[in-house]
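Colleague: Could you fit the two chains together into a complex? Lean on the hints.
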Amino acid sequence: MIVEMLYPEIASLYGEKGNLDLLKLCFPEAIIKMTMLNDEPYFVKHEVDLIVMGPTTEEFQKIIIKRLNPYIDRIQTLIRENIHFWMTGNAMDIFGAYIEDEEGNRVLGLGLFDYHACLYRPKRFNSYVLGKIEDLEVVGFKSQFSQIFPPQTQSWFKVDRGFGLNEKTMDEGIKLNNFIGTQCLGPFWILNPDFTLQYFKALGYAKAELPYHAEMLEAYRQRILEFKDEKYINYP
Amino acid sequence: MKPIRYTFAFVVSRLTIIVLRVLGRNGTHFPGAVAMRLCPDFIKHLPQPKKLIAITGTNGKTTVTNLVSDVLKNAGYTLSNNAMGSNIQEGIIVTAILASSFFGNKSVVDVVVLEVDERISPRIYPYLKPDILIVTNLFRDSYRRNAHVEFIQMMLEQAIPSHTQLIVNADDPISSFICPGNPRISFSLQALEHEEQVKDSRIVDLIYCPKCQSELVYDFQRYHHIGQVHCQNCDFKSMKADLEAIVIDQKLRVQSKNQSLSFDVLGDNPTDHYNLLASIALFNVLGFDLEAIQMELNKLKIVKTRFDQVEVKGKQITIMMTKDQNPIATSRIFDYIRHQSNRKSALILINENSEHHTLSENNAWYYDTDFEYLKKDHVLQIIGGGHRILDLKVKIALTGIPLERYQSTWNELDTAKLVDLNEIDAIYILNGTKNIPEAKQIRKHLIERIESEVQA
Chain A
74 MIVEMLYPEI
84 ASLYGEKGNL
94 DLLKLCFPEA
104 IIKMTMLNDE
114 PYFVKHEVDL
124 IVMGPTTEEF
134 QKIIIKRLNP
144 YIDRIQTLIR
154 ENIHFWMTGN
164 AMDIFGAYIE
174 DEEGNRVLGL
184 GLFDYHACLY
194 RPKRFNSYVL
204 GKIEDLEVVG
214 FKSQFSQIFP
224 PQTQSWFKVD
234 RGFGLNEKTM
244 DEGIKLNNFI
254 GTQCLGPFWI
264 LNPDFTLQYF
274 KALGYAKAEL
284 PYHAEMLEAY
294 RQRILEFKDE
304 KYINYP
Chain B
52 MKPIRYTFAF
62 VVSRLTIIVL
72 RVLGRNGTHF
82 PGAVAMRLCP
92 DFIKHLPQPK
102 KLIAITGTNG
112 KTTVTNLVSD
122 VLKNAGYTLS
132 NNAMGSNIQE
142 GIIVTAILAS
152 SFFGNKSVVD
162 VVVLEVDERI
172 SPRIYPYLKP
182 DILIVTNLFR
192 DSYRRNAHVE
202 FIQMMLEQAI
212 PSHTQLIVNA
222 DDPISSFICP
232 GNPRISFSLQ
242 ALEHEEQVKD
252 SRIVDLIYCP
262 KCQSELVYDF
272 QRYHHIGQVH
282 CQNCDFKSMK
292 ADLEAIVIDQ
302 KLRVQSKNQS
312 LSFDVLGDNP
322 TDHYNLLASI
332 ALFNVLGFDL
342 EAIQMELNKL
352 KIVKTRFDQV
362 EVKGKQITIM
372 MTKDQNPIAT
382 SRIFDYIRHQ
392 SNRKSALILI
402 NENSEHHTLS
412 ENNAWYYDTD
422 FEYLKKDHVL
432 QIIGGGHRIL
442 DLKVKIALTG
452 IPLERYQSTW
462 NELDTAKLVD
472 LNEIDAIYIL
482 NGTKNIPEAK
492 QIRKHLIERI
502 ESEVQA
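Chains as they are written, first to last, in the working numbering: chain A, 74 to 309; chain B, 52 to 507.
Be a bit skeptical, because a hint or two may be false.
No farther apart than 25 angstroms at their CA atoms in a straight line, the calculated lysine-lysine pairs in the DSS-like style are these [claimed, not checked]: (1) A/90 / B/250; (2) B/180 / A/97; (3) A/280 / A/205; (4) B/262 / A/135; (5) A/106 / A/280; (6) B/262 / A/139; (7) B/427 / B/485; (8) B/180 / B/53.
Distance windows between CB atoms, simulated [said to hold, decoys possible]: (9) A/109 / B/270: 14 to 22 angstroms; (10) B/506 / A/281: 46 to 54 angstroms; (11) A/280 / B/500: 36 to 44 angstroms; (12) A/155 / B/500: 25 to 33 angstroms; (13) B/270 / A/111: 17 to 25 angstroms; (14) A/307 / B/283: 29 to 37 angstroms; (15) B/91 / A/105: 51 to 59 angstroms; (16) B/285 / A/224: 37 to 45 angstroms; (17) A/145 / B/56: 56 to 64 angstroms; (18) B/502 / A/301: 44 to 52 angstroms; (19) A/178 / B/258: 22 to 30 angstroms.
Hints were generated in silico from the structure; no laboratory data involved. Backbone N, C-alpha and C fix where the C-beta goes; we use that ideal spot for every residue, glycine too.
For reference, chain B alone in the conformation it holds in the complex (with noise of 0.2 angstroms):
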């Protein structure tokens, strides 16, 4: 019997997202707000969902959790997730509010995938137990509320229930090894014969033995501290894979124990294959038949808000999900541009404004950003658009890129009318999560521009 505080605050949040479904909002947080005010421990009354599926790691939570929920439902199977909403409590609580009866005594569908922001893990793993986590990634993210990864580790091995099964990601050799006597599965990226080693990062979050403090030897290091590592003065060493991939010719080629098969990626990035990787580890555990799981992916592609490419007449325009104020997030993507040789690029970077009206935001980020990656001589222009634009050109100039290439407006959705679209032919847009509309506008900007001002 649930006590009539939870039954209450269940009804009228229910009730909440109705309403606000009704007037065109997606109510995916604040019914959650009003459950947790009228019934501060709603989130310890909410039934288990029959099989729960959660989503962490610093990167890559919301691809996975969109690849394997498009998947799961095309299989057939009930299924509630937040991938529409936030992944902090009141997210949660509105998915597994949908999730449950109309009265909140029992989950309802299938399978509910979280996705679940790792710094709230012990708000909601002790109450909603996953049976199957899986850990995509772990590196610093926001100074402010994630501090170091250390920190960000201990919160989820205090959180994680002894039973859930993880699913990790071995070539990350510290969430790999989070919560040692939990079951676990990994999967691995084997390097390509010439994979170019990324040695050259600002950051690098693990350097020492956890068990011995030696200095550990990089076997191969993909980029920052993914890749393989051992110890030379004691067993530490990273594990080896359950399922082990590699890429060729646009295909991740996946080896299990039993079975070898071929996906098509989802992109460039090495970042693409382990979310690709991650969920089909998943659908492993699931005891699904990976054959038929490999049409089903076949057909996705990753969720347009992270990575999206328009051409016009010869000039691309790719807007690419940075996450403001992550360094990790940030420097993959310099990156890949830094890569795209063949084509003149210039970058738009802009601030996200949402929270400028009551938040100066701390750009202390920008110096574990591998700003040195734009130091090409292809990137014609880097563009700063919003309130720390100055902080930018400071950045810049030190990292020494020349004062030239840079042009600002403290307007960022006149970063379009700076691009010299007679010279370049690759555009970049660099948002967060919180200004995925502005990006957009600045490409409808761009692509009026391109319309009138290039000829076919």
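Pulled out of the complex, with its shape left as it was, chain A reads as follows (with noise of 0.2 angstroms):
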């Protein structure tokens, strides 16, 4: 498996790069790549598995944004070919159409997504997030300066507590074809083991379990009672 990472350097705020650890102890063999900013990514002219994108600063949103420009339409190709992309954090802010700040002044996404994110600086959207894939239920939390517009049909789950793209939908996300961009920090695939062993299946992860499985489950297990719990509803 090759594995892109874009810009960890700088995109992997929040802990992010806590998921890039559990991957790694997933599959020692894979090929891991690690894009700095000013170095062409590997997927221009390579094969990937998958291209992974964690939350940066709003100055850096914007210079990722120049970077990636002159390769969309490799994405597009690359999401139209069911490659896996795992975005956190405001990282898919940059794949819509443009972000505004708080004086209105828009910069253009990479235009992948008719969405676009809007910042409110220094107000900070901060949640708890309880939801639903499929069956199986998922944590995660939110803690970022920008929402998403509008609420999209490509969504990809429902939030049951917290707030999804913005605080009025609980349409959380993004998903196309394998396309994955959340919000949702955590690190999220170490926050919910379960899923996390169905994503890496996905990927070729052959085992039964993930590495630390059990810790895993029962801190989820936790969360999921305390994200429950009336006196946690409001993450101030």
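Modeller: Next up, the structure:
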């Protein structure tokens, strides 16, 4: 398996490097390409199985858009070809039509989806997320400056607690073929071991359990209970 | 003439402080909340102190505030500070009230020293304009509140008045360049000849040149982004410090333009040296004779809530503040512990339970923290206490630390029972800002155990 981490040195805020730790443990034979900001992305000239990018700062969002802009067609092809994309936090803002800041200034995104992101700094949107993907309960955290509009028909899952792409919708994330974008942090793979097992199986993981599956599951169950508890509804 | 609403709020708040103190309470937060409730723009009407010194930055604020205040008090200045209270609006208002006349018309102390949370700068500096602002450093902090360094930098840039004299750490290429138009004095800690660079930090908040986005070269990397950098593509580089220091034989030798003096170090960590240097830089700016304050500073120690060490029957117990949810502060302490290889060690990590009744903590910060530093043979036990012990176990496992070394208990006070006193001779209790009493209780239990179980 070939995995490309896009800009991990700047686009892995809020502990998202934890996802990479788990990935490396599960796929010790995988070739992991770390693409730095000033490098040409590996996917441009090579086949990849999974492309991962995490949250970044608002200034680096703009620079990343510039860096990826020449490769919009290639990204579109990869999405069409069912290559896996895992985009977390505000990484998914980059793939929309535009990002609008507090003063109404717009930066064009990659335009691969018709949503747009709005920034509301210094307001921070924090939330627990409890939702279901098929029959599996999933948990996550949100801590972000942006919200995504309008709600998407291609959303990934319904949120029962917390909010979705923006505070007025319970539809969370984007899923188109194997492109998954979610604002959920955690890191999500570590917080949701049963989901991750399924996801990794789709990438070729052959074992019945993840490493430290039992430990992750115990923490997951505690978090599910907490997120269902009325006293934890608000995440100030 | 101040508005009646302000004067009323001022007097009520002052009386609230008095009542709370008679009742034996600190009264460092609530009276500030009362003032804001009665007069929402209260802070706008507060009298400007004769001299306002503010201290901000991710780490080191409290230590520097305490050092500076102690020396100023000993030098005979009348002073008000928020060292005992909160560093957000309410605490700052209480400090300003205590520094003012009864009706809040004028400041009555020589100096006000304020520790200011970076996040609330825009609500403070436009009204209480600092004459001098020390920016200790900028790192990523609470994800929920502070987001990332770029955001905090932006908040400070928008809030700091243009006349404010800055004191900055030249070894921090992020915070040292803040507000480029402001006057500044900078300090730097020179690399020792054999000083080990820490290049294995999980996070480095400055990788690219802020001017041209080329990758920066670290000429010396003390830890994270602290060190000396230059850009190979443009003229960006770390600034040349006005005050340079080097540590030799437990002395911090400070070289300014016309003086060279030695100060006793506060501790073993570079962060301790930076805190001391920031204070020395301030006195330099204030025009103090550095020789005169040398003796004063040499008398001081780090406030015991930050680093508190005792030894009982050869077993060392150290309480260290990690500032829960702050990956940098915790990593710095893990780095310290990994270098204490002469003692078989146990770490006790406790959660801040004060928030747990309403908050289910996001432990993502574990994945930015250098737990890898604990993969050392002398770290025999890692003991978790509190509500997040299952998350901690996962992190320890994923780090590759054998799970046999991990024990835990939901009740953080019971962590003392889990220390293997037959094996361990150094115990580090790592607490946050809100669970200092629990850390002290754990230490008390440990001392009792050592007294009864360990042969002299």
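Colleague: Go through the numbered hints given earlier and state which of them the structure violates, listing their numbers in rising order.
Modeller: 2, 7, 12, 14
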